[in-house]
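Residue strings, one per chain:
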Amino acid sequence: MRLTSLDLLFWAAGFLLNSTLLVILWCRYRARSFPFFTALITLMVVKTIVLYCVQHYGTRDTYFHTYWSLSILETLLQLSVVYEVASLVFRPLDVWAPDLKSTFGWLLGLSIFVAVGLTWLASPPARTWMQSFAKKGDFFAEALLCQLFVAMMGVSVSAGFPWKTHVAAIAQGLGAYSLIAVLIETGHAYFGVGREMPAFVVLSQVRMIAYLGCIVYWIFTLSYDEQPARQMTGKMREQIVDLQTRMAYDLRTLRSRKNR
Amino acid sequence: MNARNIYFLAAVALFLAVNLYVAGYYYFRYRRSSQASWENLLAQLTWTDRNNISQVALDLVDEAGLPRPPGESATLEPSELWGLVGGLEGLQILETNSEVLVDLACYVQQWYPEALGVAERLRQDARELKWHVARLKGAVETGNLQVSFPFYAQRAVVAYYVMTRRVLSLYEASNFAMMSDLQKALWSNVCPPPSGKLTAPSG
Chain A
1 MRLTSLDLLF WAAGFLLNST LLVILWCRYR ARSFPFFTAL ITLMVVKTIV
51 LYCVQHYGTR DTYFHTYWSL SILETLLQLS VVYEVASLVF RPLDVWAPDL
101 KSTFGWLLGL SIFVAVGLTW LASPPARTWM QSFAKKGDFF AEALLCQLFV
151 AMMGVSVSAG FPWKTHVAAI AQGLGAYSLI AVLIETGHAY FGVGREMPAF
201 VVLSQVRMIA YLGCIVYWIF TLSYDEQPAR QMTGKMREQI VDLQTRMAYD
251 LRTLRSRKNR
Chain B
1 MNARNIYFLA AVALFLAVNL YVAGYYYFRY RRSSQASWEN LLAQLTWTDR
51 NNISQVALDL VDEAGLPRPP GESATLEPSE LWGLVGGLEG LQILETNSEV
101 LVDLACYVQQ WYPEALGVAE RLRQDARELK WHVARLKGAV ETGNLQVSFP
151 FYAQRAVVAY YVMTRRVLSL YEASNFAMMS DLQKALWSNV CPPPSGKLTA
201 PSG
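Chains as they are written, first to last, in this note's numbering: chain A, 1 to 260; chain B, 1 to 203.
Next comes chain A alone, as it looks inside the complex (with noise of 0.2 Å):
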């Protein structure tokens, strides 16, 4: 397989930006806090490494399986990554938030349905099964990675879930990345595969400038620390104490009712 100037331009500034984001998630302190998302980045590192020896060093087969092995497993990082992010959004107090786990049943069990569904018209033009089955599979991924990350925001939304700055970063880089792949698989599903089509390498490259900007945000917003704890104005303070006691009168008056 041959690579343009431009192919090794993508492969080296993801390699640098990724191993980047790698620093700062261990010198920031943020591994501790996103395990998967630190594997995942972990992995597109050691990804880049592996690709590029067996790409100069081994065969065309030994890529191929090389390359859809390694894919699959960052598959399943990214779905681990999605329930790390709903663990620290909906565990508020380390348990799961009990009036939302049938919400979450069926929200899953749509979301599900739809990437099937969806998968199951996609007919992407491809020489062997394994082509084909591969590009499915990723259509698959990215489907329902995307329905999964909107269903989180509408849930945490609608019932009132605050989200902290690095999980929201997270998501939302994850969920504008798994946007936009679903439109390049489903560019990859029309005109099929194979580097020897121009639409197939400019959707490939589309898809890695959308990776790149993702990494980027990433570093930006997990390099600051979150919002610290402010303290509250005299202001505030003062409206507090004033509606708190009357309360304390409404409550007295309650009270002496109740036992007349």
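No lab work stands behind these hints, which were simulated from the structure alone.
These figures come from a predicted structure and were not determined experimentally.
Be a bit skeptical, because a hint or two may be false.
[Claimed, not checked] Cβ pair distances, simulated, as ranges:
1) S19(A) x E141(B): 55 to 63 Å
2) L66(B) x E226(A): 20 to 28 Å
3) V23(A) x G138(B): 49 to 57 Å
4) A134(B) x S19(A): 44 to 52 Å
5) D49(B) x V206(A): 54 to 62 Å
6) E141(B) x V46(A): 52 to 60 Å
7) A13(B) x S19(A): 33 to 41 Å
8) W106(A) x Y7(B): 23 to 31 Å
9) S80(A) x F28(B): 25 to 33 Å
10) Q35(B) x L73(A): 33 to 41 Å
11) Y29(A) x L66(B): 39 to 47 Å
12) Q44(B) x M130(A): 56 to 64 Å
13) D49(B) x V23(A): 56 to 64 Å
[To be verified] Sample of chain B residues at the chain A side, in silico, Cβ under 10 Å:
14) F8
15) F15
16) L16
17) Y27
18) R29
19) Y30
20) D103
21) W131
C-beta atoms are modelled at their ideal positions from N, C-alpha and C, and glycine is treated no differently.
Fit chain B to the known structure of chain A by using the hints.
The following block gives chain B in isolation, referenced to the frame of chain A:
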């Protein structure tokens, strides 16, 4: 282009449109809610008659929020209940206020991360209240409001009452200055400022 491809592209277009719409709607709703100031939140509260709320709630539970014995509970007549609660409109006000109360708790969380537990409990109480009101809205559509109102309305009011009681209990039990400040802040939905538009008549 074959028919299957057309269906596929149409389905993906619909999929993306729905997801973008839902994501955009909730994103802007979240931005609005998270950027609201203290004054804005207080201004969103609608005045409610606390005595009526207490009377309805204490007919079913005691002051700690525990159910009364069967013989002593649910003594209010349905017509009396309707008047005290203010009908479905009154319940919708409580529903809106409960949302503001949750926002208020989230707002206080910016100052005191320790408020997380209180905020989560309030959120769950608010969800319970919404569930009861939703049952009543469903009863309106099926024409069963008169039958359903006493049961669901009284439980909705209890949920609202418990939200306020829970905060006072925590305040009374706690000796931590920071915690007490938080609890004072959460009282704002049942005890509006004297100079504000939520000024309540003396009980």
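Against the structure, the hints come out as follows:
1. Taking the beta carbon of each, S19(A) and E141(B) are about 58 Å apart, inside 55 to 63 Å as hinted.
2. In this structure the supplied range 20 to 28 Å is violated for L66(B) paired with E226(A), their Cβ-Cβ distance being about 39 Å.
3. Checked against the hint of 49 to 57 Å, the C-beta distance between V23(A) and G138(B) comes to roughly 55 Å, which is consistent with it.
4. For the hinted restraint 44 to 52 Å between A134(B) and S19(A), the CB-CB distance of approximately 50 Å keeps it satisfied.
5. Checking the proposed 54 to 62 Å range against D49(B) and V206(A) shows it holds: the Cβ atoms sit about 60 Å from each other.
6. At about 57 Å, the CB distance of E141(B) to V46(A) agrees with the hint of 52 to 60 Å.
7. Distance hint check: the CB atoms of A13(B) and S19(A) are about 37 Å apart, consistent with the given range 33 to 41 Å.
8. The hinted range of 23 to 31 Å is satisfied by W106(A) and Y7(B), whose Cβ atoms lie roughly 25 Å apart.
9. One distance hint, 25 to 33 Å for the beta-carbon pair S80(A) and F28(B), holds here, with the actual separation near 29 Å.
10. For the hinted restraint 33 to 41 Å between Q35(B) and L73(A), the CB-CB distance of approximately 39 Å keeps it satisfied.
11. Between Y29(A) and L66(B) the beta carbon distance is about 44 Å. The supplied range of 39 to 47 Å therefore holds.
12. The beta-carbon spacing between Q44(B) and M130(A), approximately 57 Å, falls within the hinted interval of 56 to 64 Å.
13. Under the hint 56 to 64 Å, the C-beta atoms of D49(B) and V23(A), about 60 Å apart, fit the expected range.
14. Of the supplied interface hints, the one on F8(B) holds, with its beta-carbon coming within about 4 Å of a beta-carbon of chain A, less than 10 Å.
15. Residue-level restraint check for F15(B) holds (minimum Cβ-Cβ distance to chain A is 6 Å; threshold 10 Å).
16. The interface hint given for L16(B) holds, since its Cβ lies 7 Å from the closest Cβ of chain A, which is under the 10 Å cut-off.
17. For Y27(B), the interface hint holds, since its Cβ comes within 10 Å of a Cβ in chain A; the closest pair sits about 7 Å apart.
18. Taking 10 Å as the C-beta contact cut-off toward chain A, the hint placing R29(B) at the interface holds, the least distance being around 5 Å.
19. For Y30(B), the shortest C-beta to C-beta distance to chain A is roughly 5 Å, which falls under 10 Å, so the interface hint holds.
20. With 10 Å as the threshold, the beta carbon of D103(B) comes within range of chain A, its nearest partner Cβ sitting at about 7 Å, so the hint holds.
21. Taken as an interface hint, W131(B) checks out: its beta carbon lies about 8 Å from the nearest beta carbon of chain A, inside 10 Å.
In terms of the numbered hints stated before, the structure departs from hint 2 and from no other.
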